Each structure stands twice: as C-alpha cells, then as structure tokens.
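**Q** The listed protein sequences derive, respectively, from chains S and X.
One point on numbering: in our numbering, the residue at position 113 of the first sequence is 113, and numbering is uninterrupted.
Start counting at 1 in the second sequence, then tack on 1000, and there's your number in our numbering.
Everything labelled a hint here was simulated from the structure, so no lab data went into it.
Since this is a predicted model, take the numbers as computed values, not measurements.
Please note that the accuracy of each hint is not assured.
From the structure, some residues in chain S lie toward chain X, with a derived Cβ separation under 7 Å [said to hold, decoys possible]: (1) C47; (2) F130; (3) V132; (4) K136.
SDA-like, lysine to any residue: derived pairs with alpha carbons at most 25 Å apart [as the list claims (entries may be wrong)]: (5) S:K55 / X:E1327; (6) X:K1343 / S:N374; (7) X:K1348 / S:T69; (8) S:K180 / X:E1327.
Ideal placement from N, C-alpha and C gives every residue a C-beta, glycine not left out.
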Amino acid sequence: MREVKLKIDGKEVIATEGMTILEAARKAGFEIPTLCYHDGLSAHGGCRLCVVEVKGSPRLLTSCTTPVTNGMEVSINTDRVKEARKFVMNLIMTERNHFCMFCEKSGRYEETDCELQKRAYEVQIEHFPFPVYVNKYPIDTTSPVMVMDHNRCILCGRCVRVCSEVVANSTLDFSFRGSKALIASDTGLNRGESSCISCGACMQVCPAGALFSKFGGYKGKKSLCEKIETFCPICGVGCETTNYVRYNNIVEIEGSGLAKGNLDGGQLCEKGRYGPLMETRNRISLPLLRDSRGRFVESSYQEAINKSIQLLKAYSPDKIVFRVSSFLPAEDLAYIKGFALKLGVKDIDTFDGEIYRNLISFDYPKANYEDILNSDLIILVGGDIVKEHGVVGSYIRRAVRNKGAELIIISPAESKMDRFSKEVRRVAEGSEGSVVKEYEEKIRKASNPVIILEGAYLLKNREAIESWLKFAEASKVKTLPLPPTGNSLAAWKLGISSKSNENTESGKLLFLILGDIDSSYSPASLAELGFEAIILHGAYIDPMMKLADVVLPGKSWLENEGTYKLISGEVKKFTPILRAEKDAKSPRELLSELADALRLGKIDIDSLITSL
Amino acid sequence: MRVRSLDDLKAIAQRALEKLCGRRIRIAVGLATCGIATGAEEVYSAFLKGIESLKRDILLTKVGCIGYCREEPIVNVVIPGKALLLLSRVRPEDASEILKNLIDGDVPREKIVCRVKEWDHLLEKIHYGDGFTDVSLYEDTPFFKHQRKIVLRNAGIINPEDIEEYIAVGGYRSLYKALTEMTPEMVIEEVKRSGLRGRGGAGFPTGLKWEITAKSESDERYIICNADEGDPGAYMNRNEMESDPHSLIEGMIIGGYAIGAKEGIIYVRAEYPLAISRLQIAIEQSRRYGLLGENIFGTDFSFDIRIVKGAGAFVCGEETAMIASIEGETGRPRPRPPFPAEKGLWGKPTNINNVETWCNIPVIVYKGGEWFSKIGTKNNTGTKVFSLVGEVQRVGLVEVPLGTSLKRIVYDIGNGCPDGLKVKAVQIGGPSGGCIPEGLLDIPVDYESLKEVGSIMGSGGMVVMSERTSMVETAAFFVSFTSEESCGKCAPCREGLKQMLNILNKILMGKGSPSDLELLKELSETIKTTSLCGLGQTAPNPVLTTIKYFKEEYEELIKRYD
C-alpha cells in the first residue's frame, strides 16, 4: 500500500492509497459528521452530511466517497461546509416526521439513541426553516421482531446495504423515486410476509427512528443501560454481542463484530438478537420437593440439597445415570464429568451424545467458513439453517450471490434459504441419505464443493447421514456438520458423550442437568425406563418436572460465566449478561456443594479446560 | 453475404446506388416517429396502392426524417436524372396526383419545398441531376441554409432499414479503414485531433475519454451508447437512431476497436419503440454482413452490440445510474470516483458516449480529425443537433456548426415566434439548462458561452418561448420534472427540489413573500454544490436563470400578495 500525503485543515496527514478522506481524517483524529455512512458497509454518498471542501474542486465533495490523493488539501470545517451541512440537515429534518419528542429513540444530546437527532443537535437545528408537509407514510408492524415506521425514515440506505452486503439476503431495497422513495421488502410486501429472516441487522444500523425492536422499544435509552460486551453462545457460531441491560433486564442485543472486521460483519441471527428477549418459558425460581402425597412443595435450598444427597447415597454408582445438556459452559461440563467419576458413575451422556457417536466413526475433511465462502458447490442437507445457524446461512448466500456458487438443498421442509438454491430436493425426513448417489458425480466435478449437515434431527439419524459421510470420506469432500448446541463441541471433546448408554435399563436414579434446554431433546420415554427417582437441575419449567423428586433452580446461560468451544475451533469465555437469583446455581456450584457433602475431595477442571 | 474486403463493400455500394438514384422513379416517405405521427404511414400505403394499380416499376421506400418537422409528412421523390425533390405536408389523397405527375416527369409544384442537386454524405456524394430549376435549391431554403449536416448526413435520404443503402453512401468504409489501416492508438489520436466533445451535454473531450478507458488496466472493457434521451422536447437521438442507425453502429464498432472492448451496449429508452426496432434490424443486418460479430472484415477483431431497454427513468441518462440499470439494479447514480472509465459496468472500465457522439466517429475517421476540427470554432469543433421546439415557426431538428449564434437558429432557421409574438427566452439544455433571455441571443452556441449565461449545452433541447410565457411557471415546470425524476438517493436533490417546487407553487398562487426569493436562491446553491449527480447539480438552473434574468416576474407575483 502506497503512502499518500495530504493536508486536512492545514495539518499534514499520512494516509494509504485507497482510503477515503473520511477514513484518513478519522484516523488522524478529525471528526466529520456522517449519517448514511456506516463502518463495514459500502459508501453510499446519499446524505451529503460529510461534505468537505477540497482545494481545486468547485463543488463540495462527500468525504465518505472521495479517495485521498497526494497533495490534496482538505478543509473540513469552513463556514461554507458548515452551512451546507446545516442546510442539508434542515432538508432531512423537514422531509418526514421528525418530531423527535414522540419518537422511541429520542433523547437529550448525551443520551439519544438516534444518530439523526445527534447530528441535528451538532449542527444546531432549532427550528424547521422550511414548511413541513406531513405526508403519511405506512407503518409496517408485520415483522415479528421489529417495527418499520417509514415516517421516520431518512432513506440513508444503511438497511438496504446491510441486508445485501452483510446478510446477503437482499430483502430490502428502495422503491419509487425522489421524495416518494420508500424502503421496500421484496417487491413491496409487508415485512412479515416477505423473505426477511428477522436477523435485525437493518434495525441495528438504522440511524433514525424508522426501525426499532418490538422488544426493546420504549424500555429506555441505551445510554441508560449497562453495556456488556461478550458473545452469543447459543448455536456455536459465537457472534460477538453488545448487550444493553437495565434493571437486570435485557433491553437490546447488538452484534459488535462489524467494527472489529469480523467475517460475520457484525450480524446476528434472529435467535441471537431476539431469542433472549422473546423467551416465554417460566423460570424455576425455587427449589421444589415432592411430598409424601406426590405433590410438589416449595422447599428451602438446603432441604433440596439434603434430599439430593440422600438420593445419591441411596443408590450405588452403577445405578445412577447422568443426563446433561451440552449447552453449558465447559467449566460445568468438566465439573459434572469429574463429579461423576469421583462418585463412580459410569453412565453419563449429553442429550446430543448420539450425534457425536454418529460422527466420530467417519474421517472426512472438515469444512470451515472460508471453505463455504470460496465454494462453487454447496450441498445443504437437513434442517433450516436460517433458524438454526443463521449466520452460517449468510456465508452460503454470499458464496451464491457474490461468487456464483451453486446451492443444492436436500431437506424435508421449506426454508427461507430455498430461494437461493438452484435445486431444492424434498425428501422425507430420515431419507436424506438416499439421494447421495444422484449428486456424487456433480460434487466430484466441482472444484471446491462443501457439504453442510444441519439439524439435530438429521445428525441423530445415523441412516440419514451415513451415506453422506461415507461419500465425503471416500471422495475427500469438505463437510461441516453443524452441532446442535453452543457447546456441543466442548462436551464431545471433554468425553462426556463418549459413553454408550447400554446399562440405562439398570439405572434407578436419574440426575438431569438441563441448563437452558428443555427435555424435548431427551426421550420422553426416559422416565418410563424404570427410574425410581429423578433429580432435576435446570433454569426453566420442564415437562420432566412431573416425574422429578427434587427440582433445583439453575442459572440460565445469560447468567452463567464460562468457556465455550465454537464451531470455528475458537475457545471463548462468556461474560454473564444478567445476575441470577439467589438460589439459581450453575451446575458446578451445585455439584461442588454436593461433592463437599459427599466428601468426594477436590474436583480439578483446570487441565480439562485448557485442553479444549 | 459476409463482407471481407473493400471490394466487397464497393460491389454492394454499386448495387445499392441503383436504389438511391437509378433508372427507376424513387418515392421515399419520411417514416420516422414525427412523420408517422402526422400520418406518413397512410401516405405510404396510398402510394403503395397507387403504384400497384398503375403497374409501373416505381421504387417506393421509407426513409428517416430530414428534420423539417413542421412540414411533415415529408416525401422525397427522384425522377431519374433529375434533382431530388422534397415534398411537404403530403396527404394520402395527394398520392395519386403525385404519381400521375411523376410518370409524366413532373411534380405538383405546390408540394415542393426545395430540390437537391447533389447530396454530400461526406464519405460519398450522390449526384441527382438538374431539372426543376424554377424550384429553390436546398442550400437556399431558409430552414436548411444555415445548417451543416454531419451527424444527420444520411437522415431522410437513405432507407434506415437497408444496410446496402448505408453502404452505398460510404457506410462501413471508415470501419474498414480503422481496422485495416489504423492501430487503436491511431484511432484515438484521430478522435483527439478532431476536438470532438461529448454530445450528451457535459462536453468532455471524447478522445481523452476513450484514451483513459483504453489505458485502464483490465482484461475486459465495455462501451455503452447513451440513448436514454429524456429531456422534455428533445428528440435528437431518437431521430438519429430512427433515420440512420448504422451510423451509430459503425461509430460504436470503431470505438470498440479503439478502446479494446468486445461488447457494446445501446441503452435506449423503451419509449422509443421505432428506434429500437430499427436498431435491431440494423444490428441483425450488420451481423449478417459480417460487420458485427466474430472477425470483422476477416481481421481478428470481434465485437458485438446488444440493446438494453431503459424503463423510463430520466436519471438513467446519468452514466453511473445507467450502469446500475444495465446491471439489473435500481437506476440510481453511484458516487464518483471511481469513474466508469476505471470501474464501470460489472466493475470493468467502461466508456459511455451519447448517440450523437458515436455518429460523428465514422466521419472523423474517414475525413480525418483535422478536417473535422475546422468545422465550428476552436474549442468547439463540429456540429450539434438541436430540436428547435416551442413557440417557433419552423419547428424541427436542426444541425448547425458549433459557434452559430442563437439568433441565427431562432430567427434565421426557426423564423421566430408565430402570430407576430416576440421571442422572450430560449430554454436550452433540458431541465438542467437555463432560460436565456432574448437580449442575450447573440451569444454563440458553444459549451463555454452557454455556461457563462447560466445554462448548459445539454443534449440539444431548445425551447423557444414567446412574450406570453410565464417564466415562473416555466421554472416550476422544470423543477416539477426534475423533482419527479430525482432518484431519491441524495437528500439535497430529493428533498431540496421538493421544497423548491413548493415555494414556486406558492409564488404562483400569489402567496409568495420577498424572502422566498432568497430562500430559492439559497436552496439552489446548496442543491448545486452538494448533490450527488448531474441531475441535482444542474436542476436549479432554470430557477437561477429565471431569477437572474426575469426577476421582475417573480416580484410581480409576490407583490400581488403584499
């Protein structure tokens, strides 16, 4: 990269070739106001707020689109520039309904969530110099997650760009012309009926009050919130997040990878951005014990612990069975394993252990995200990647849209991914493997084919994936089975899922550690297999509680600090976003109390964690 | 048949010359859109019927438009050995009378506009002959007298749907010359020497533009012909395409050779169905004759042209918006730099020129840049086609050397306003242009002079307004047009024009206040300096020039309220 020397407001600035004036100025510590510009998106040049004066140019130039050249002399704050900015801001402010005090995002300068308002304060707009003609534009509330109020839209196009450039879903675009321009979903559908995948990227980048969350709206300004930077561990992709929390409630979750130049471009999926806000399940808030008449009664925490100890002592280790969620921090998983070993329990498994055992016997080359992006043929087998691993879905779309990759979907159900594929093959659930033969030749002929196996239902079905994996192994086709939970990989690596559960039938005491998941993962028949007693530890009310003898409240993942092993192989430490109630414990906190009482000695997990 | 050599071309030319001025009587009906609108198709059918019933060997053919729109439908007739005669306002019922006369070697006098002894197609001269000496010569006819036809050299004379007639008047000889005698650099050099500037309006030197695109590093390059003519009242390009499509095609092939492009695209608005169909016919014919496609003239140069139809957005005439539209995106301009010459269509270096620019190329290559540069003035060489419309007596399409005064065009060619009205102003450059008052009509028509008085050359719309025209209404009309056609991408153009229109309407309703004039000026200046593309940057011109030259009209309207 060649160096470029230029002058900004008389000060010599060194930039690199290809930089825009805005980038060079910001790097050198100058501030130029922007609105339509957004880090990580292509420059739009629409709002004209970032105009600067460049010596030799009769017109003002937008700093966000003008590349630096050697010897350029830029003035970013002359009277002419300031006046032009104010004028343009005046036009934008009078264009639609920007009566700020009635807007969700409005606030004083220090606390507003609205970039438009902030800029207006900065250029000191105190009144409308032009007559305001309030035309009524539609308000689209059909999206399950956000509201689109066209009356507050400034047509900056950030949402359009993020939707096509980062998410690669291209739902949004401009429709109509001039002052009648309107952001449209697909060909002018309501958002809720469009191809929108509710990832919320558009909402995050909206600089005005046009797009806002149905969950966070009217819950308070971000400036009033505690801001916690961490990542989302739900699916194992591990997108970085900024979490805004007020009174121990999440107000909003934003992707933060964009500014860091992450591959994901700072996007999140619907589950990641809205999942915790959409949670409708009820928490287990108190320890419960079954009384002599078979009814649940509230108990003290200590009573519940005592009952658990009593049960663990009552059965010999070979009669005790551990069933554990893999969506727990590695510290918990390691502790559970250590606890079981010390106790002498051999039958321990995660709910997705079957998947591990299905995959382990094949030696196929593993695909990573880059492989997807560079692929020319992507075979997507199984469930709905948009819902399960949404951000990975964006890599597929980018490959299809930007590089012309071919996507073939083999799935029993419709998905919003279908419209990007050249071929959708509907198969009955469970017979995904039966069509491998038909695609073998095509895959072999491709130069960088990738097979993606999606969905717990699919990966649990050995018959469905066996032929794909055998083929991948034999033909050395890069393959990516997507794990069902955010820490499946750690659970598998720690060896929790490696046991076969042959001796289940002889089990008498079941120790269920559910974490956040509900037991729909576990066979409902588990309890019918002859267990005499069940200890249940989990965050949410679960159908399995009906059968439990002791129920202990657990932390949700939002409250539980710990380590996760991501699909990318990266190991990341999660910072809790919310505080747990007093009695809600993480599995390791609970088990260490039990271990003390059972005198199991110290359970060391450090080496296990470092081995991840 | 595939043309492989100059001899092939000459053989075709010889054959086709027989059609133009051979041993048969030739009747050519002007069938461009303007002619058709006044009933030329019915005239054509009437002649066809008449000839059939006479059972005589008379050649009936269609030609484009010679530009004298007021006199449409125009029919030209050639009696072997005699001068070509232009007949005006021919109605279907005139056909039998004309035919009868023609067979007797005569023509009804009252229909004749003028006679043409010899027509200079620049690459070839066609000598028709004498006769009808009592009829005024083309060169002496007021409407044609001051014109100089380079771009329209074939318009109205040859059949636009017959490649052989084009070849007969020297067509494709420039292409042959370029491909066999010149390197691409030499072609560019020749265009640079000619001094030709872009006829789309901005006047950027064409040769330089080609050179930049040719030198941009890339494995692929594209050339585009901008035929998205959208200025109200302007139809230069339409006629150029309808009357002489091969001229455009030949220009583009030469351009493709010079720039190193393999594909050319003609972006033409869908509202020009006749132009599109004639272009399609011409492209097909050129392919069939081996003049378009693989290995043209047997050289290793291959080039093809395809047509992309615009959906009717004015802004798509802007280069980057046009590229977006061709790529299948919404037609909205993109920030420049990067300029299309570096990163254009599909991210590849792209050269875009207006129809008229392309049509000049064959002449420049054949006659030499030197020859071309002597027409017009020093920095404004060549000719420019204008559509002279509005309140002017001789409405039509005129081609004059650059540097011709506006007075000459409006009065000598156009004969001023009808009904004895005085000319008040001339609006040049379409909605982006300005209104030039009568007092300034002495200025020469060139890029710089027009800019000096607040207008632009534009693509060639020239609207004459009489003393009864309200200049405030005129300004409001143009702003309503640009406001409607603003793409909406950048705020100053999108919202600023809307505000301007609101203020203008307020003044027109008699509710304006003196401060509105200041606000209008301020809005205009900001829109000009901060807009993204040419549309916004020039849209306030009609307002600024009318305020500058006709301020009293604004004040009069405002006073009424006070």
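**Q** Please go over all the hints and tell whether each is borne out by the structure.
**A** Evaluation of the provided hints:
1. The restraint placing C47 of chain S at the interface with chain X holds, with a minimum CB-CB distance near 6 Å, inside the 7 Å limit.
2. Taken as an interface hint, F130 of chain S checks out: its beta carbon lies about 5 Å from the nearest beta carbon of chain X, inside 7 Å.
3. A hinted interface residue such as V132 of chain S counts as satisfied when its beta carbon comes closer than 7 Å to some beta carbon of chain X; here the least separation is about 10 Å, so the hint is violated.
4. At a threshold of 7 Å, the smallest CB-CB gap from K136 of chain S to chain X is about 16 Å, leaving the interface hint violated.
5. Proposed proximity of K55 of chain S and E1327 of chain X is contradicted: the alpha carbons are some 34 Å apart, above 25 Å.
6. Between the alpha carbons of K1343 of chain X and N374 of chain S the distance comes to roughly 24 Å, so the proposed pair stays at or under 25 Å and holds.
7. Distance hint between K1348 of chain X and T69 of chain S is fulfilled; the C-alpha atoms sit about 22 Å from each other, no more than 25 Å.
8. Between K180 of chain S and E1327 of chain X the CA atoms are separated by roughly 23 Å; this keeps the pair inside 25 Å, and the hint holds.
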